[in-house]
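Residue numbers (this note's numbering), protein chains in the order written: chain A, 4 to 527; chain B, 35 to 281; chain C, 274 to 474.
Hints may contain errors.
Unchecked claim - Straight-line alpha carbon distances no greater than 30 Å define the calculated DSSO-like cross-link-like pairs of lysine-lysine that follow:
1) A:Lys164 x A:Lys139
2) A:Lys455 x B:Lys98
3) A:Lys460 x B:Lys268
4) A:Lys460 x B:Lys131
5) A:Lys431 x C:Lys471
6) A:Lys500 x B:Lys268
7) A:Lys86 x A:Lys139
8) B:Lys131 x A:Lys501
9) A:Lys139 x C:Lys319
10) B:Lys161 x A:Lys501
11) A:Lys431 x B:Lys198
12) A:Lys431 x B:Lys189
13) A:Lys368 x C:Lys471
14) A:Lys86 x B:Lys98
15) A:Lys431 x C:Lys470
16) A:Lys86 x C:Lys426
17) A:Lys86 x B:Lys196
18) B:Lys161 x A:Lys443
Stated by the list, open to error - Restraint-style ranges between C-beta atoms, simulated for each label pair:
19) B:Glu119 x A:Asp237: 51 to 59 Å
20) B:Asp146 x C:Pro299: 31 to 39 Å
21) A:Glu447 x B:Thr127: 49 to 57 Å
22) A:His190 x C:Val346: 33 to 41 Å
23) B:Thr127 x A:Arg518: 54 to 62 Å
24) A:Lys260 x C:Pro299: 26 to 34 Å
25) B:Glu119 x C:Pro294: 36 to 44 Å
26) A:Gly182 x B:Lys195: 38 to 46 Å
27) A:Glu447 x B:Arg239: 40 to 48 Å
Derived by calculation from the structure, the hints in this document are not laboratory data.
Since this is a predicted model, take the numbers as computed values, not measurements.
Each residue gets a CB set at the ideal place from its N, CA and C atoms; glycine is no exception.
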Amino acid sequence: MSADDLTPRQTEDGLHPEVHAPSDESARGPGGERLQHAEAASKPIRADAPREPQPRGAKVRGNRPIDQAEAAERFLAAPMHQKAHDERLWDVRRKRDVAAHGIPEWEELREIASQIKTHTLTHLDHYLEQFEAAAKANGVHVHWAEDGAEHNRIVLDILRKHGATSLVKSKSMLTEECGFRHFMAAHDIDVIETDLGERIQQLDDEEPSHVVMPAVHKTRLDVAEVFARTLGTDPDNDDAHYLAESQRETTRPLILKADAGLTGCNFAIAETGTVVTCTNEGNADLSGNVPPLQIHSIGIEKIIPRVEHLGVFIRLLSRSALGSPITQYTSHFRGLRPGTEMHMVLVDNGRSERLAMEEFWTSLKCIRCGACMNTCPVYRRSGGLSYGATYSGPIGLIIDPTFNKRKYSTLPFSSTMNGSCTNVCPVKINIHEQIFAWRKVLAEEHQIPLLKQGMMKAAGAVLSRPSAYRAAIQTADSALRILPRFAVYNPANTWGKKREMPHAPRQSFHAWYRRNRMKKGSDA
Amino acid sequence: MRIGLFVPCYVDAFEPEVGIATLELLERFGLTVEYPYDQTCCGQPMTNTGCHAEAAATEALFVKNFSEFDYVVAPSGSCVHQVREHLTAIPQTDAVKHVRARTFELVEFLHDVLKIEDLPWAEFPHKVAYHSNCNALRGIGHAQPTELNRPFFSKPLNLLKKVKGVEIVDLTRPDECCGFGGTFSVFEPAVSAKMGYDKVTDQARAGAEYVVSADSSCLMHQKGCAERLGVGLKYIHIAQVLNGAAA
Amino acid sequence: MSARETILARLRANRPAGDFPLPEVPTFEPLVGDDLVAEFTERLGKMGGRVERAGSPSDPFAPVRSRLDGAAVIASAVPEFSGNRDLAALAGPTEVNDVDVAVVRARFGVAETGSVLFTQDDLIVNAVAYLAQHLIVLLDPADILVNIQGAYKRPEFGQAAYAVLHTGPSATADIEGVLIHGAQGVRSLTVLLLQRKKQAA
Chain A
4 MSADDLTPRQ TEDGLHPEVH APSDESARGP GGERLQHAEA ASKPIRADAP REPQPRGAKV
64 RGNRPIDQAE AAERFLAAPM HQKAHDERLW DVRRKRDVAA HGIPEWEELR EIASQIKTHT
124 LTHLDHYLEQ FEAAAKANGV HVHWAEDGAE HNRIVLDILR KHGATSLVKS KSMLTEECGF
184 RHFMAAHDID VIETDLGERI QQLDDEEPSH VVMPAVHKTR LDVAEVFART LGTDPDNDDA
244 HYLAESQRET TRPLILKADA GLTGCNFAIA ETGTVVTCTN EGNADLSGNV PPLQIHSIGI
304 EKIIPRVEHL GVFIRLLSRS ALGSPITQYT SHFRGLRPGT EMHMVLVDNG RSERLAMEEF
364 WTSLKCIRCG ACMNTCPVYR RSGGLSYGAT YSGPIGLIID PTFNKRKYST LPFSSTMNGS
424 CTNVCPVKIN IHEQIFAWRK VLAEEHQIPL LKQGMMKAAG AVLSRPSAYR AAIQTADSAL
484 RILPRFAVYN PANTWGKKRE MPHAPRQSFH AWYRRNRMKK GSDA
Chain B
35 MRIGLFVPCY VDAFEPEVGI ATLELLERFG LTVEYPYDQT CCGQPMTNTG CHAEAAATEA
95 LFVKNFSEFD YVVAPSGSCV HQVREHLTAI PQTDAVKHVR ARTFELVEFL HDVLKIEDLP
155 WAEFPHKVAY HSNCNALRGI GHAQPTELNR PFFSKPLNLL KKVKGVEIVD LTRPDECCGF
215 GGTFSVFEPA VSAKMGYDKV TDQARAGAEY VVSADSSCLM HQKGCAERLG VGLKYIHIAQ
275 VLNGAAA
Chain C
274 MSARETILAR LRANRPAGDF PLPEVPTFEP LVGDDLVAEF TERLGKMGGR VERAGSPSDP
334 FAPVRSRLDG AAVIASAVPE FSGNRDLAAL AGPTEVNDVD VAVVRARFGV AETGSVLFTQ
394 DDLIVNAVAY LAQHLIVLLD PADILVNIQG AYKRPEFGQA AYAVLHTGPS ATADIEGVLI
454 HGAQGVRSLT VLLLQRKKQA A
């Protein structure tokens, strides 16, 4: 790439005239307030922040269980990142509350959305056939893929048939599931992510940490470092406007010369064969409207029956995700542009198997809004990469084990099961109850550490025998030795590392009761 | 009306005053309260870890202790949630079903069953931050969680309003989990403690002198965090405040 | 067995037990007041767009004149304005890359969100709505619908090859939550309220 490609429109002072300075009024409303819409935060840019290396995600070692707690601890050890991450996502959660409380029928909408999804999922064969027929009638080529590998092969075949070697794409969690980028790189296809956050992650060779905000775990200093290294930007300029503009200017030529464009799918409409994408940057529309070959990858659970149902889901999606009433772009791809070819790939990748899991199939209702992540106090403090999986946060805890029970066996334990995720879910997935249910399944199938299960067995033995229990907590000293360690049977005192131990009372309630309320003392 | 008192294991061992206040408070309303002597635990540490088989004997003991009562009352939303929603490791006999349906957390028992109107003995002239235990809030419906677009209500705040002198202060993140999470507190200690620190900081920033909750487990965790941070907040169970604790 | 047959067979075999009927969606009350222009204007403003009332009949484009005057390449998809790049004559979408300002007309607006709808017929070249630096959108005030639910009852969604709701300009906040317009698409979107010309036969 030439230097001209990097900064084709730069002016002498180093900034394109369209680059917004932090004080620029276009980012403010008529009343002077910073605009709150879309993914924007209300706080101004930090000035002169000190440097702190970005904490990296979980160590992935083949099939071995992910140690989320270990990665989370490293994230917490980077306080600037942790604080920015927590505050940013809490801000989004707060905006989501404001948006939800602005709609009187909000809870009814959630219920209707949930019912539409459960209905569709239980009639998915019918609706997929309807979708396929409608799409074919629109002149679209429809493909079916049993798993991620087949999806990747299908797309590669399409590209090869057209002699295509470059592909621009918009953000798609499905393609993350499929390992699409890595597969294509191995087959000499140049894949370019066009969502800013996703592009940052691609350039940094890191997975997205959030389904809606892929680089939310990074500070602008991190981005400046990545862009300086990969795009040749000024390493000392960490102005977000400059960085975003640099990405725009370097990606635009790649979009213009791409042989193919690929998008994911937020909703697929059975009656019309339409693929709907919801983005804020307009990059799905660039992917779908500029290259001569257009591909849409669709998880089969994205089907909804009718156009009118978008009137429910579109109202819920962005309000849940970011607190904005709608995304900047809601795009409906139904037929091809003259002289081009359009393909849709329907991907199963474990979804039809999940449908058989009585306690877990309703996780297929998920519309990937990320609200459960934003509200999750554990996610906000540990970062999405700590989960070492495509899906992080609460929804990840219940989806990831369906892909690999052993590797993701620890994830359902990375939760306090506080239930906030369930309450913000726009399609009413009982996320925290499924987390609880997964723990049971994993314990029954011996996918939790033997030590942990052994502790619980010992705890159960003591707690089911009054005399043993009584002996264990008879004196304050002995109780302190075992409680709360007793309740959890943890050999290392992980409680006391970061918190003070409870103080010893003079006597247990039991002893008090015996002394004060029973006629005769008992040694029971 | 036979009322059985369940005193959770950590209250028994570490916060006996909470058990005493619960007993005395119920007696102030003229109730006869029995304390089954062989009680231990509700089984939550095991079921929360997925180990239901390992919880079965403890659950059976709980039912055996409490099946004779019309009401079982416990000063813990978390334990009551376990009994009501998750006591499933043993066959669901009539006795089990009876116990699960008749177990109440103290606040809801006072608010919904006794429908108490006055607490003339109670006075607590302090700035109070109320902490909702997540199981109490979202599991058994103590109050309206902020996530839902439904009319506000709060049973514990309704009760605290009957206590002379209480001034409730607002937290910036009122429903945020404090990070105790049962076994989570020791299996994921770094995140747990950070959540606790953030909660304690929020309480201090709000100007609270006392933090009141219906769950001793959360209070124990928060207190441990506050002491480590050197924040001079005091933690007290709602049973003690309602029973007229002078602080 | 093909992937198609395998997937469909598994979906049938694994269908969860129970009856899950498709719910009726009730018609919800509008969230907006009766003054749809005011509501539309306020909501689009919150999404980073601007709304201008048309100038005098002799110069309806007066409110956006400075934008137009500063543009070297203007592509117009509307009869009310003549640009200097003929969209209908282009060989492909990449030829709109140097467009500074595109002028297009919206099928309708949505007051609830401040959105405007385009189909491929309104844009002539779909990509112009993204590759142009700035977008000027003509909207007849009579074409403003109350809400999103109403919008999805419109026939365009079942008929158009491409239909898109724009709600403000391209935006991102992927770097530290800082709001930036013109992430990949247009840097600004201005709606000019201008009655639709009666189509000459």
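Okay, the hints, checked on the actual structure:
| no. | hint | verdict |
| --- | --- | --- |
| 1 | A:Lys164 x A:Lys139 | holds (19 Å) |
| 2 | A:Lys455 x B:Lys98 | holds (27 Å) |
| 3 | A:Lys460 x B:Lys268 | violated (35 Å) |
| 4 | A:Lys460 x B:Lys131 | holds (25 Å) |
| 5 | A:Lys431 x C:Lys471 | violated (47 Å) |
| 6 | A:Lys500 x B:Lys268 | holds (21 Å) |
| 7 | A:Lys86 x A:Lys139 | violated (50 Å) |
| 8 | B:Lys131 x A:Lys501 | violated (40 Å) |
| 9 | A:Lys139 x C:Lys319 | violated (39 Å) |
| 10 | B:Lys161 x A:Lys501 | holds (27 Å) |
| 11 | A:Lys431 x B:Lys198 | violated (40 Å) |
| 12 | A:Lys431 x B:Lys189 | holds (25 Å) |
| 13 | A:Lys368 x C:Lys471 | violated (46 Å) |
| 14 | A:Lys86 x B:Lys98 | violated (48 Å) |
| 15 | A:Lys431 x C:Lys470 | violated (47 Å) |
| 16 | A:Lys86 x C:Lys426 | violated (44 Å) |
| 17 | A:Lys86 x B:Lys196 | violated (38 Å) |
| 18 | B:Lys161 x A:Lys443 | violated (42 Å) |
| 19 | B:Glu119 x A:Asp237: 51 to 59 Å | holds (57 Å) |
| 20 | B:Asp146 x C:Pro299: 31 to 39 Å | holds (32 Å) |
| 21 | A:Glu447 x B:Thr127: 49 to 57 Å | violated (22 Å) |
| 22 | A:His190 x C:Val346: 33 to 41 Å | holds (38 Å) |
| 23 | B:Thr127 x A:Arg518: 54 to 62 Å | violated (35 Å) |
| 24 | A:Lys260 x C:Pro299: 26 to 34 Å | violated (49 Å) |
| 25 | B:Glu119 x C:Pro294: 36 to 44 Å | violated (28 Å) |
| 26 | A:Gly182 x B:Lys195: 38 to 46 Å | violated (57 Å) |
| 27 | A:Glu447 x B:Arg239: 40 to 48 Å | holds (44 Å) |
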